[in-house]
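2 protein chains.
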Amino acid sequence: MASLRLVALKALHRPSSLWKCNLSHSFLPRTHAFPTVRPFSAVMSPPSTAVVYDQHGTPDTVTRIVEVPPVELKATDVCVKMLAAPINPSDINRIEGVYPVRPQVPAVGGYEGVGEVHSLGSSVKDLSPGDWVIPSPPSSGMLFDSFFFFLGTWQTYIVKDQSIWHKIDKGTPIEYAATITVNPLTALRMLEDFTSLKSGDCIVQNGATSIVGQCIIQLARYQGIHSINITRDRPGSDEVKDKLKKLGADEVYTESQLEVKNVKALLANIPEPALGFNCVGGNAASLVLKFLRQGGTMVTYGGMSKKPITVSTSSFIFKDLSLRGFWLQKWMSSDKAKECRKMIDHLLSIVREGKLTYEMELVPFSDFPTALDKALGKLGSQPKQVIKF
Amino acid sequence: MASLRLVALKALHRPSSLWKCNLSHSFLPRTHAFPTVRPFSAVMSPPSTAVVYDQHGTPDTVTRIVEVPPVELKATDVCVKMLAAPINPSDINRIEGVYPVRPQVPAVGGYEGVGEVHSLGSSVKDLSPGDWVIPSPPSSGMLFDSFFFFLGTWQTYIVKDQSIWHKIDKGTPIEYAATITVNPLTALRMLEDFTSLKSGDCIVQNGATSIVGQCIIQLARYQGIHSINITRDRPGSDEVKDKLKKLGADEVYTESQLEVKNVKALLANIPEPALGFNCVGGNAASLVLKFLRQGGTMVTYGGMSKKPITVSTSSFIFKDLSLRGFWLQKWMSSDKAKECRKMIDHLLSIVREGKLTYEMELVPFSDFPTALDKALGKLGSQPKQVIKF
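Protein chains in written order, with the UniProt record's numbering: chain A, 1 to 389; chain B, 1 to 389.
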């Protein structure tokens, strides 16, 4: 980590020399294209300070903070001064090169975030300096079949076409505006895209303390849907239980509490769940399956235990269970994503009502190396790290 | 087995004493109700010889052959002289009591079959003596929530309301007429109910030598759909491969032949399959998953290895696979089953074209104990046993 810190300081203090030696013309063609012939009246962005990586690998060794030169705004471009952007686990995986779809290197890190409009290309009418915007969808393009474009939100200024920016209500806390897509939208889509749930119905999930898990509890409760929540056995599980119940969880069990013959006998006044969510795998996934009612669906969106999911034959034939998966980035490339800005506005309004909360730590950009260490789990369990620029 | 044979002989030779001591009035209320006051002109069925079980258990110890007395036909009843009925694995499981939905004991064994109309109630107009009929659907009623009615086809005469009988073309070989529902209809529904396939597409399956597997190969080929088939490693696998290729299989691999890094590299001119079928579980199920294309679906309808299905997290999230199950008996209680007679006619026409074949052994009813031994696997690998009455 020492070497990154050193480079980071160098980058912050000696930007001009650093970008010259480290960035090629092919770097950042969409966010900061190098100027060619510049008309006298052209609008230029400020230089941008960015977290970049030239190759895939361990994030604290391959990322560097560098200065990127000013960019000329085309007529439909918008220059956004970034306010905040989180370090999500999937950002780590993209840098590591273990994510199925990843940016071409060199690339700027980060996927989602919020910024303030700094300056506008000559033909932009729908945005004004000072507006708050988020990239929505945060990346675009076809999956698997063709090029996928990544924005790279870990930088101080981004210049991109007006079409990618979605204006949001400035009454939203920036850490929520910065993180509204990856976790809350995943929770919302998973609640709505697999089974038709109505008020009074029930869902079951493992990994309930994850941010998506907390969003599921709160968004379910917002719709009058009960939730059964499964957590790991660990010290402090009573506090965890209290915390999740305060968010709206109906039932919270640790895995060991569910080592009973008939888990459904634990349910008193809650109907059997038709929908379950799995972000753990292994035994925790089997427990979700046990709770599901005849004909129910389990959606897998993570595998924290790194163990596979094991299912009996009779679960498929006689219990008629369906097992599916959800990946927001794929959803973002689907037709349904056309509606994503309405969904984001809906989620942000729930945040402003105080009915969607989760723990985050806002960290100054200058402390990026420490935030990265925390996101990498080097400093024990930590809240989600959100960079404040 | 000796005791069953003895009872069987006794039953066949001393019917009147046997049914009196073994059958209660609650037995067979729908097929052979005991007469109360009988008008002089009433139509009576002949007595029926039936394979019954009074309790669940090992089929060769709990089944007995008994004589059931004549039944009076109500106005809408039809008396059918059974011609043939198979011993399916699910019939065995019902007798063992390990099937999720099972008849109330005492019960007559058997689920599907074909018969000839023997006599008619006074108001039956659409059938005539000599017509061939099959019970379609072979049982009816709600699953899980309420009573489920089982016909019991292992008997010489059945009296049931005209509504359950479906007249079929007498040009059909009786062994196919007797077995057209459980295996071929399962294959047809699985090919049509999960993914929209068109000519030129491809499916993959394990357990390809099972009768459902053979039906899938042939029904797929009938629609211009390619099939990739996985079989067990065992002596004679070359002969098995030749046999399946003659039925229309495009590719046949044993499990060990698929111990390669990239199974898809084996496919030359066949597209990646969007649909897979699993009746084995364990490694054979994982091989089906490996072949499936992005977004594909695997349908489980059996678990011959008695091993569960194990799936990686990334198969759900990044490969977007769906895992489902199929159970014909549940399908039979769904709305879709209203169309089942058209499907049966379609399947029987393919049989008569010679494009749907599978191996069976027709066995006289008097040899039922031996047929049961063969169906129970006591005499090695045997073709499906079909009782000829």
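One should not assume that every hint holds.
Which copy is meant is left open, so a pair is good if it fits within one copy or across any two.
The calculated BS3-like cross-link candidates involving lysine-lysine, where the alpha carbons are at most 30 Å apart (straight line), are [claimed, not checked]: (1) K319 to K338; (2) K261 to K330; (3) K264 to K74; (4) K167 to K338; (5) K342 to K355; (6) K167 to K74; (7) K264 to K330; (8) K307 to K170; (9) K319 to K307; (10) K330 to K198; (11) K306 to K261; (12) K198 to K307; (13) K241 to K342; (14) K338 to K306; (15) K245 to K198; (16) K198 to K306; (17) K264 to K306; (18) K374 to K338; (19) K319 to K342; (20) K261 to K81; (21) K319 to K290; (22) K125 to K374; (23) K306 to K374.
Rather than coming from a laboratory, the hints here were simulated on the basis of the structure.
Which numbered hints fail = Hint check: 3, 8, 12, 13, 14, 16, 18, 20 and 22 fail, others pass.
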